[in-house]
Structure formats: C-alpha cells, structure tokens
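Chemist: Chain residues, written in single-letter form:
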Amino acid sequence: MKKLSIEERLGIDKFAVDDGMPHIVIDKEICAKSALEACVRACPAGCYVKDGAEIRFDYAGCLECGTCRVLCQSKGLKWEYPRGTFGVEFRYG
Amino acid sequence: MSEERFDAIVVGAGPAGSIAAYCMAKEGLEVLLIERGTAPGAKNSSGGRLYGHSLNKIMPNFWEEAPVECQVTRETVTFLTDKTAVSLDVKSEKFGDEPSFTVLRSKFDAWLAEKAEEAGAMLACGVRADELIVKDGKVIGVLCDEDEMFADVVIEADGANAWLAQKAGIRGELSPKHVASCVKEVIELPRQVIKDRFNLTGETGAAQLFVGECTQGLQGGGFIYTNKESISLGLVVTTEVFLDTEYKLADLIEEFKMHPAVQPLIEGGKVVEYSAHLVPEGGLGMMPPLVSDGLLIVGDAAGLVLNIGYQVRGMDFAIASGEAAAYAVVTAKKLGDYSKQGLGVYQTALEKSFVLQDLKTYAKVPEFLENKRIFAKYPALVEEMMVKLFTVDGTLAKPLGKSMFGTIKRHGGVVQLAKDAWKGVRAL
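Sequences listed follow chains A and B, in order. Numbering-wise (the working numbering), the first sequence opens with residue 1 and increments by one. Numbering-wise (the working numbering), the second sequence opens with residue 1 and increments by one.
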C-alpha cells in the first residue's frame, strides 16, 4: 500500500462545500504567526499551507475537527461549524 | 421566525445526545434532537471501540440488533521503534463476558438516533445550533439560523469542541494541552483477509494500540481496530505538540501505515475514508461545569473521555452521561424546577456512577502521560531489551540481569526508570 497525498485522501471524502460562506476566517493582522505555523503542521486536512513567507488557507477540505481553533485560542480566527448540511459528510466515521 | 416549545432540546445526535433523547422520550417527554449533519453520524468519527456495558444496561443485548462491527476478542499493545515492534498480545474468549465492539459511527449513530425517534423524540437533521438562548442567566432554548426554539432544558451534546458552552461563556477556551487531534483512515479489505491477518474467528475483531515510532515519539499513539470488512487505522496526538515540532499530523499517519509491522496488515487494502476529530483527553482538569440553570453538558462536550494508554474510553461515558442527564430532566420536570439546583441530580448521578469515579481514579494519568520519555525513549529501551533477549550471535553470553541492567543504564538509568515506573503505578 502506498502513501496517499492529502489531496488524494480528501478526494475520497464526500464534501458539500458552502461556496462563498467560509466557516473559518483568519485575520492575519491579529493571528499569531507561531499559531498559524502550528496549524500548518497540525491541520489534518492540510487546509493551512505555507507558501513562501505567507500562509494560505482554504476551508474547502476542512474535516471540522477544531484543531486550529484550539491552537489559535480563537485569537484572530473566526471559527464556526459549516452551516447545517454543509461541510464534510462521513460515510463510515 | 417560528417558535416552538419542548420539554428538552438535545443538541447533537451522537451517542450521548441520542441516548439522552431516547431515555427522556421513553418517559413521555417532548424532546427535540438537533443534528447539524445531513444524518446522525455524518459528522462523527472515533477510533471505533465501544465498551458495551453502559448501553447494555439501557438496551439489553443491543448488539443483536445494533449495527456494530466486531466483538473484540483480541487486545494488543505495541511498542514501536523504526525497525521493531514489541507487543503484549492477549486473545481471550473471556472478553465476551463484558463485550466491547468495534463500530463505524455513521451507521451506529444513525441507528441510535433512530431508537430515539422510535421512542418519540423529534429528530431534526441538517440544523446547526448557533447559540444558546439565555435569559436572566438561565438557558431557555437554542437559536438555529433565524429560528428560536425553546425548552425547559437544553442538553448540550455537541462534541469535543463544546462550541455552544464556549460561546455562551459557560466554559473557557479548550487548552491545546487538554485535547488531542485524531486522524483516521478506513481501509477496506475482504473479511477473510482480515481474519487471516489478525488470527480471528467468526465475527470477532482485534484492537491494537501503538506507542512510539508511530508518532515519531510525540505524545500520542496509534490504533488499529478491525471491522467486518475494513480496518480503522489512525493516530491520536496531543494538539499542543504541534506548537513545537517539525512533524505534520497528516504525514505521520502515512508514515505509520508504512511501518514494517503495520504495512503487512493493510497491504492490498483500499482507503475509503479519511477523517479527523478532536479528543478531549484532559480529564477532570478540563471539565466544564456540568450543570447550569437550564443546561446540562454530556459526552465529549463535558470532557468525558478516559485515555490510560491501554484503554481508550469515550462512548461508554457518553452513553452513561446521556442516561444520567435524561434522568435529571425527568426528575426536574416532576419538581418543576429546572434551575441548577433542580438539575443537580445529574452531577450527583455521575459522581455515584463509574463516569466520574473512573475519571477520579485515573485523575493523575493525563499528567503522567505528559512525560515525553514514555513516547520518545522507552520504546527504544524495550526494543533493545527484547532484541537482545532473542539474539544469538556467537559472542560470549552475559547473565540476563547484567545484560538488561546495561541496557537500562544506556537509556536513562535505573533511577529515572524507577521514578517513571513509580509515577505510572501511582497514576494507574
């Protein structure tokens, strides 16, 4: 069995992305850089990606665990669950 | 804007919420069970082991009807280094006396919620509870989108993030030290292959916990649970460690799968799902107030999880807490008192039951497991001892005691090991 990239793994999952309604919004002015870097390492879905000096974020593959919220202590992060019926849908769980 | 009124609103159709709804509905209460997923279980993931005792008490022999996967008859704890796996392996029919089961939560949670519905609870899926409605310091309902829904009591069963209580200021921020981030893959394999690889008979299953290399020595561990036609494989790592490490959680699980002791177990399998979840592992140290005016907190939201290394429990606590909360609401209804005092029987019931008793018994474990040597150093010590024990290379043999003493000395010394062992004995 081969290793799977994060994209391959998320590709297997079922998502109903709430287009234009991000449930996590980062305020980079407030969010501590160190916390964001920790999110790059901890986020199981690889939603936080280091891109040079910047950190890019995409809520589309979020597995809704809350790890980033805990690491950021909600400082600089507006975190909610996706609206009802949206987001990931586990078929096994 | 619509307005409805219930005896109780339960937020979250996981095991804690559905059991609370089931027990209250059975007593004739008007219950609304809210679930943000399209179906109960759609947002839920767990390692996959249910200790059956608490559900068996509420629904005797539930496994005859419930969509459980396999009854666990084989337990393994494995110390991993990069090249070695040292295991304690127990296979016993006796585990059947108090059965535990592997489960896949989408199916299992849907079934439990269906039981609550059959008992008379109203289930509303696809509805996200946004906020608790608080009036004069008392919780009187929940706000879902634009809709206000009112009840005498709200039972918060919204999982590890305990989002509602935090928004309402009833609990503070979760500490990264008190929670663990879990990633898991469900890997499909034919039943016969799973039985052969894990030495299983009939519909039985295996549970294997790993410590050491699987997390690159970070605080946490790995797991494998066998289902009927799949294997649940995952890692649980204390969230705090990602503040100061070079490793990525999403990569660690792939490395774990490649380990020579793991790869043969899953070879040829097909990954059919990748999931993640937070695990509240802080024990009593992270517990929110369980009872407020008009509000009870149950299950993961209440931090009711116990990880002692060789046992990881959550669902049995969740179910017992749901039952206790239902009992408290029924009692409060009789008295017409939904204040903190009127609902206080919830706290008392948990204190009398295994839920808070067991958490108290193992109260020192979370602190004990903060010891980095357990994850980073001792697996290598075990490796060296065991490899030496079974190696014959033609050099002059040394007495066993002397040889082992040398190994321990190289890995931190007897005093350090004795201290850690003593702490472990006291915590466990």
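Rather than coming from a laboratory, the hints here were simulated on the basis of the structure. We treat Cβ as the ideally placed atom computed from N, Cα and C, and that holds for glycine. Please note that the accuracy of each hint is not assured.
Stated by the list, open to error - SDA-like cross-link-like pairs, simulated, lysine to any residue; straight-line CA separation at most 20 Å:
| # | chain 1 | residue 1 | chain 2 | residue 2 |
| --- | --- | --- | --- | --- |
| 1 | B | 248 | A | 16 |
| 2 | B | 248 | A | 55 |
| 3 | B | 248 | B | 228 |
| 4 | B | 115 | B | 188 |
Said to hold, decoys possible - Cβ pair distances, simulated, as ranges:
| # | chain 1 | residue 1 | chain 2 | residue 2 | range |
| --- | --- | --- | --- | --- | --- |
| 5 | B | 193 | A | 21 | 53 to 61 Å |
| 6 | B | 199 | A | 75 | 47 to 55 Å |
| 7 | B | 341 | A | 58 | 25 to 33 Å |
| 8 | B | 352 | A | 5 | 30 to 38 Å |
Chemist: Failing hints, ascending?
Modeler: Violated hints (numbers, rising): 1, 3, 4, 5, 7 and 8; every other hint is consistent with the structure.
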